[in-house]
Amino acid sequence: MADEQRRLRRRSGVNEAGHPTALRYVQIALILSVLTLFEVWVYYQPALSRFLIAILLGLSAVKFALVVLFYMHLKFDNRLFSALFTLGMTIAGCIIIALIVLFRAYLFASV
Amino acid sequence: MAVGHVEEPTTTGLNHRKLLMWAFLGSDCLLFGSLISTYMIYRGKSVTQPINPRHVFNIPYTSVSAFVLLMSSLAMVLALAAIQRGDVHRMRVWLVATACLGMVFLGGQFYEFTNFATVKGLTIGGNIFGTTFFVLTGFHGTHVTVGVIWLLSVVAASYQGRIKQQNSLDVEIAGLYWHFVDIVWIGIFTLVYLVPAM
Chain A
24 MADEQRRLRR RSGVNEAGHP TALRYVQIAL ILSVLTLFEV WVYYQPALSR FLIAILLGLS
84 AVKFALVVLF YMHLKFDNRL FSALFTLGMT IAGCIIIALI VLFRAYLFAS V
Chain B
5 MAVGHVEEPT TTGLNHRKLL MWAFLGSDCL LFGSLISTYM IYRGKSVTQP INPRHVFNIP
65 YTSVSAFVLL MSSLAMVLAL AAIQRGDVHR MRVWLVATAC LGMVFLGGQF YEFTNFATVK
125 GLTIGGNIFG TTFFVLTGFH GTHVTVGVIW LLSVVAASYQ GRIKQQNSLD VEIAGLYWHF
185 VDIVWIGIFT LVYLVPAM
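From first to last, the protein sequence lines are chains A and B. Residues 24 to 134 in my numbering are what the first sequence lists, from first letter to last. Residues 5 to 202 in my numbering are what the second sequence lists, from first letter to last.
Everything labelled a hint here was simulated from the structure, so no lab data went into it. One should not assume that every hint holds.
[Claimed, not checked] Simulated pairs of lysine-lysine, BS3-like, Cα-Cα distance not exceeding 30 Å:
#, chain 1, residue 1, chain 2, residue 2
1, A, K98, B, K22
2, B, K124, B, K22
3, A, K98, B, K168
[Stated by the list, open to error] Pulled a few chain B residues facing chain A out of the computed Cβ check, cut under 8 Å:
#, residue
4, W26
5, G30
6, S41
7, M44
8, F61
9, F71
10, G191
11, T194
Predicted model, so just to flag it, every value in this text is computed and none were measured. Just so you know, even glycine gets a beta-carbon here, dropped at the ideal spot from N, CA and C.
Construct the entire structure; sequences and hints are all you get.
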């Protein structure tokens with residue numbers, strides 16, 4: 024019975040502690056490496072320059088989410104931890120947007 | 005919760021140290037949010053001579069640094085997986101690997117800073133661009149340094165028999181801090197190095 028449960032857990036990529044297995048961690052690392060390589064490739068493609076910021080921000084968000092959900096276990100942990108972190112992230116995002124809007128005239132100045 | 009972890013009862017049912025770490029990480033987002041936005045506003049700005057960040061940054065070099073930090077996060081989770089299985093020896097190996105990768109990252113940052121200051125003329129006091137860049141990346145480097153010291157102290161504690169399967173939460177909390185340092189670099193790498201000046 025215990026062996027069967029262990030086998031089922033392993034198949035779903037989760038260990039006894041309710042965290043991902045070592046194999047799942049390696050798979051995530053491979054995805055993160057490919058995304059980083061893709062980011063650098065995109066940076067050197069003049070044809071994609073119009074969409075560069077959107078593509079880079081999208082890739083960065085995916086990498087961020089993968090680390091937070093799987094390596095920091097937010098996908099498997101209590102929602103209160105997610106709420107605490109999301110609150111901080113949301114306020115930080117608001118700070119970035121507010122400062123850029125406030126200083127937008129200076130942003131395009133030459134000096 | 006880790007297998008066999010002995011918990012004191014709490015009102016939330018959650019471990020207070022882990023809750024505190026998440027609260028700290030949430031508040032640390034504010035610090036880096038402010039530093040990143042200040043950098044973005046002042047990027048390339050100088051009253052003496054405007055600087056194009058594209059001419060300063062070495063993207064392939066920084067990509068390798070970003071890759072090193074990502075791999076350190078992998079080593080960190082493998083250390084946690086090892087202690088959750090009760091394998092203290094393998095946990096030590098992965099923790100030392102994580103700390104070493106962290107030191108490689110710091111060495112790379114030291115070389116980059118020196119190169120900017122001596123070859124490209126970008127210093128912390130030279131112009132507002134240099135100030136915001138060095139303060140942001142310097143704060144991140146300080147976080148990495150604290151992380152390396154923390155990881156090495158966990159290794160030292162394991163030799164004193166204080167890290168066991170029952171208290172794998174100690175490794176998990178150190179890991180949370182380390183992964184946070186990694187995700188901050190994911191943001192810095194994109195917003196500071198890759199996104200071109202507006």
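The hints, checked one at a time:
1. Under the criterion of a C-alpha separation no larger than 30 Å, the hint pairing K98/A with K22/B is consistent with the structure, at around 15 Å.
2. For the hint linking K124/B to K22/B, the alpha-carbon distance of about 43 Å lies beyond 30 Å, and the restraint is violated.
3. Of the pairs offered as hints, the one joining K98/A and K168/B holds, with about 25 Å between alpha carbons and a cut-off of 30 Å not exceeded.
4. Hint status for W26/B: holds, given a least beta-carbon distance of 4 Å to chain A, under 8 Å.
5. The interface hint given for G30/B is met, as the beta carbon of that residue sits about 3 Å from the closest beta carbon of chain A, less than 8 Å.
6. Of the supplied interface hints, the one on S41/B holds, with its beta-carbon coming within about 4 Å of a beta-carbon of chain A, less than 8 Å.
7. The beta carbon of M44/B is positioned within 8 Å of a beta carbon in chain A (closest approach about 6 Å), and the interface hint is therefore held.
8. Taking 8 Å as the C-beta contact cut-off toward chain A, the hint placing F61/B at the interface is violated, the least distance being around 10 Å.
9. Given hint, F71/B at the interface with chain A, holds; its Cβ is 6 Å from that chain's nearest Cβ, closer than 8 Å.
10. Of the supplied interface hints, the one on G191/B holds, with its beta-carbon coming within about 6 Å of a beta-carbon of chain A, less than 8 Å.
11. For T194/B, the shortest C-beta to C-beta distance to chain A is roughly 4 Å, which falls under 8 Å, so the interface hint holds.
Checked against the numbered hints listed earlier, the structure breaks hints 2 and 8; every other hint is satisfied.
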